[in-house]
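Protein chains: 2
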Amino acid sequence: MDTSPIFPKGQRAPARNFTGTVWVQPLIEADSAFNIPVGYVTFEPGARSHWHRHAGGQVLLALGGIGYYQERGKPIQILRKGDAVKCPPNVPHWHGASPTVEFRQVAITPNTATGRVTWLQPVSDKEYNSLDK
Amino acid sequence: MDTSPIFPKGQRAPARNFTGTVWVQPLIEADSAFNIPVGYVTFEPGARSHWHRHAGGQVLLALGGIGYYQERGKPIQILRKGDAVKCPPNVPHWHGASPTVEFRQVAITPNTATGRVTWLQPVSDKEYNSLDK
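Here the protein sequences line up with chains A and B, keeping their order.
Start counting the first sequence at 1; every next residue gets the next number (our numbering).
Start counting the second sequence at 1; every next residue gets the next number (our numbering).
Chain A extracted, bound-state conformation (with noise of 0.2 Å):
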């Protein structure tokens, strides 16, 4: 059987918007007919975005690896391979990697006449470690 990786890691994510080390491909570049860009993202341990929101809303199809999601206001979800999370427009959140364990996904984002993302803060290392308290 085939077990090499589906997707190529891609490169270095910018370290704007992310802690740690972050890979991104683009899969599927937005167009004027299909407004949808789709990427591959590779958070190696540790490593996760900053809080943001899209303004229209985000899909999130977990490949493998062990991933983090958290709402605001909301506890931190575990994310494994197969999960698929539908993130609300406007919603501010955050995924990344597991402390322990690298996190693969397929993010699907519209790209709405409002724009695509909107990054805010930092994830602080006491918000990424809530789940152990």
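Watch out, some of these pointers could steer you wrong.
One copy or any two copies: either way a pair holds, since identical chains are not told apart in the list.
Computed cross-link-like contacts, SDA-like style, restricted to lysine to any residue with a CA-CA straight-line distance of at most 20 Å [unchecked claim]:
(1) Lys86 <-> Asp31
(2) Lys81 <-> Glu29
(3) Lys74 <-> Val91
(4) Lys86 <-> Pro8
(5) Lys9 <-> Gly64
(6) Lys86 <-> Asn111
(7) Lys126 <-> Thr19
If you are wondering where the hints come from, they were derived from the structure by calculation, not from laboratory data.
Given chain A, put chain B in place with the hints provided.
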């Protein structure tokens, strides 16, 4: 390494829209806030959709196996693990497995005001086998 399938195979797809055996697992159901259903589809060898078109276009992500994809008036395109296809709105097309190897895909299909899919005629054996000609 965990080599189990990422998503469950789901249920048999309706025979009226497919030739051969096809399995569909909904991953994301559309709602008023995120009206972009996402599904996982497994085509057994030789199986394929009928010709159809999407008012909002469609993205296919090839997760494994060997797939066929054809837009009307163009040759069949072979899809392998990691390939991503963007099918423009209203372009008649079909997709399925190769004759001897199954095909596993994620389909992202916006549910527009004018609908999600319009089914057309079956793919004939002559059309399906046109790759070898």
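Verification of the hints:
When the C-alpha separation of Lys86 and Asp31 is checked against a cutoff of 20 Å, the pair qualifies only between copies, where the shortest distance is 10 Å, while the shortest distance within a copy is 22 Å. For the homomeric pair Lys81 and Glu29, the shortest alpha-carbon distance between copies (18 Å) is at most 20 Å, but the shortest distance inside one copy (24 Å) is not. For the homomeric pair Lys74 and Val91, the shortest alpha-carbon distance inside one copy (11 Å) is at most 20 Å, but the shortest distance between copies (42 Å) is not. Taking CA atoms no more than 20 Å apart as the test, Lys86 paired with Pro8 passes between copies only; the shortest distance there is 18 Å, against 24 Å inside one copy.
For the identical chains of this complex, Lys9 and Gly64 are neighbours both inside a copy (13 Å) and across copies (17 Å), given an alpha-carbon limit of 20 Å. Within a single copy, Lys86 and Asn111 get their C-alpha atoms as close as 15 Å, and across copies as close as 15 Å, so both meet the 20 Å cut-off. For the identical chains of this complex, Lys126 and Thr19 are intra-copy neighbours only, at 13 Å inside a copy versus 54 Å across copies, given an alpha-carbon limit of 20 Å.
Checked against the numbered hints above, the structure violates none of them.
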